[in-house]
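In order, the protein sequences belong to chains A and B.
Be aware that the first sequence starts at 1, since it is given in the numbering used here, and climbs by one per residue.
Be aware that the second sequence starts at 1001, since it is given in the numbering used here, and climbs by one per residue.
Here are a few chain B residues that face chain A, going by a calculated C-beta distance under 8 Å: (1) His-1150; (2) Gly-1219; (3) Ile-1221; (4) His-1222; (5) Tyr-1246.
Treat the hints as calculated values from the structure; they're not laboratory data.
Predicted, not measured: the structure shown is a model, and the values here were computed from it.
For every residue, glycine included, the Cβ atom is placed at its ideal position computed from N, Cα and C.
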Amino acid sequence: MEIKRKTRIRNMRYEDFNDNESLEKYVEELRAGGVNIFVGSINDIINWGRSNSVWPLTFATSCCGIEFMCVGAARADFARFGWEVTRNSPRQADVIFVCGTIVQKMAPVLKRLYDQMAEPKYVMAVGSCAICGGPFRDSYHVVQGVGEIIPVDVYVPGCPPRPDAMLYGMMQLERKIKLQNFFKLPDQPSIPPQSGAEERPDTENKQIQS
Amino acid sequence: MTETTDKTIQAPEYAETERVDGRTVFTVPAERLHDAARYLRDVAGCDFLIDIVGMDWGDSLGAFYHMSPTDRPAEVITLKTATTDRETPHLESVCDVWEVAQTYEREVHDFFGIVFTGNPDMRRLFLRESWQGYPLRKDYDADPALNPLHKESEPLSDMDVVPYFTLEDGRLVGHMRQMYEEDEYIVNFGPQHPAMHGVLHLRVSLDGEVIRSVDPNLGYIHRGIEKMCESYAYPQILHLTERLDYLSGNINRHAFCLCCEKALQIEAPQRAVYVRTIMDELTRIASHLLGWGSMCMDMGSITAFVYGMRDREKVMDIFEDTAGGRLMTSYYTIGGLASDIHPDFCRKVKEFIPYMRKMLREHHMLFTGNPIAAGRMKKTGRLTLDDAISLGATGPSGRASGWSNDIRKIAPYAAYDKVDFEVPMRTGGDTFDRYMVRLDEIEQSLRIIEQLIDNIPEGPYAEKMRPIIKLPEGEYFQRVENARGQFGVHISSRGDKTPYRVKFRSPCLPLVGALKHITPGSKVADLIMIGGSLDYVIPCMDR
Ligand code: SF4
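Put together the whole structure using the sequences plus the hints.
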């Protein structure tokens, strides 16, 4: 069964998105795999449900968290999009919004939270801190982007991003979910190698000699 | 600026006295530090320790102790001491003189490696126990290979072993003690907890439902801002100040601008002064609304949160028109403002005042009058006046205990001496009083704005500044009143375009000390409510 070239969601027109290219590339890749019509139809139904009720985890470390609260509050109100409520337990959450700076001491906690979430799970890096360290990139204690610890699906730039920007990012994720083959999701998403990864110090194997 | 010269304090004979930046500075040798502290507290009446600023002068390590007498609150007296020993630097602890010093000394220890003898707790405050080096020392090695990113947390049992030091025959002797007894029941609260307002980690020892002790574990959002400041130019640092306590972003930025302006001996144009004051008060309102909303949410009332956020959006709109940013406005600059106000600014602010008054009545109706809420809040989490002073709990939390400590009143800056307003005070010191002080402050902020909004003078909005700002050599300290209490900026300049050392006095760090102090004996279910009533912002205390 052919996957439709244009992934449509209820809340925003396809043409209004800025970067349809990356999504179309993803569609090409998926098409190459091919799915039979029966599985494909069930898949569509499941994804329709999944993409319209993605529940985020209540998680915020700093300033971006305040804008995240605004997204949940009266004006922006993400419940309109079916994102409904934030979940307090990672076991019940589908997506984690990494709002705010992640520092060295917090990184293991974030990793563990991510590991505790049930599959399929998604990550949104909100704000320049979560993307690359942001204004604190020069600091000795700040992680240079959560991409080092967990795989990220959507990046929302800004310092802090406006609530509208977060909604936009959420809709991008919605499109991604709609496309995925539910029956072939990886067990555990892995961190894609990043450019410049070789130069990074090997953080996993080097332990402190104490 | 009202600055009184204090002739009343007699210097002890071992101290050198000088007047710097409107403050009296006593320099004492390290051996006499404790005597001087006792003297200043007991004889000279300096019962409020504002902050301890750790310093690395290259050849010596030491600290500034800023303090203030509560009966002459505008005065700041500074005690300075240094030790030349860089291998095992140690100073005598003053935590028996001021309780808040215990936390401050841990911070200095964490950043500079100075050991305080007599302080019962010498664990690191922010960084993990295995962190190599002391980051704020000038010779700190920032090589990431020394401190790689861990993917596993440090075992929590490390937190239970508390090192402390004593001085025996002039030699430093280290000891260890266990934090908890064998059969104590410990619950971890945070760092990720939906009601924690951020990433604070509390280790709570419980006796059934009742709290025995609370041990805050900080540093989950320690961003190393003070170290970064040392390599940034002054206008660049402004952006970092906003991100400390993002809910009082404008006010923090104001503090840094004021401190630089004081050092450069310039004054912002009157137009900027008025606009800054209005923006500060709007920030305070927005912050209190969020604080109110999230405290009510902690107690189970989601509606209050949604209402608070709804009204806060109005303030955000005003900010956005004028400054372009909602939460981070980046609006004040050294010498004035980044741009003029938006043509709609005055109209929108004037519309906001009656709206907010109406909503405030609604908020009171919704929550304050609720007998269940009031019943839970009254008589829980009592902070007495003496404790508030000794713990340095400034701001609304201190004022709820009857401590008048509002910088806007006692040492007016900006346009606060031109307006008529009251400082809401209460004397009970319990959760309900703290809750009420915040809501009353919203009303007073509206009053301040009302008096200023029609009188914004015409004229330039900023002083013309050279692109590279160099502060003259010296030490500068400036306090302002942010939404949580006294926010202070200490800049130590050597005349370069970057500061030698910047220290921010966080109003939130003492508040978590207050939490530790007042919660034992309460029910664990009230812990979050009491925390909400103190309204701390965690990135502000972690810096
Ligand atoms: S991106 Fe900016 S607003 Fe967001 S957490 Fe980082 S500093 Fe704060």
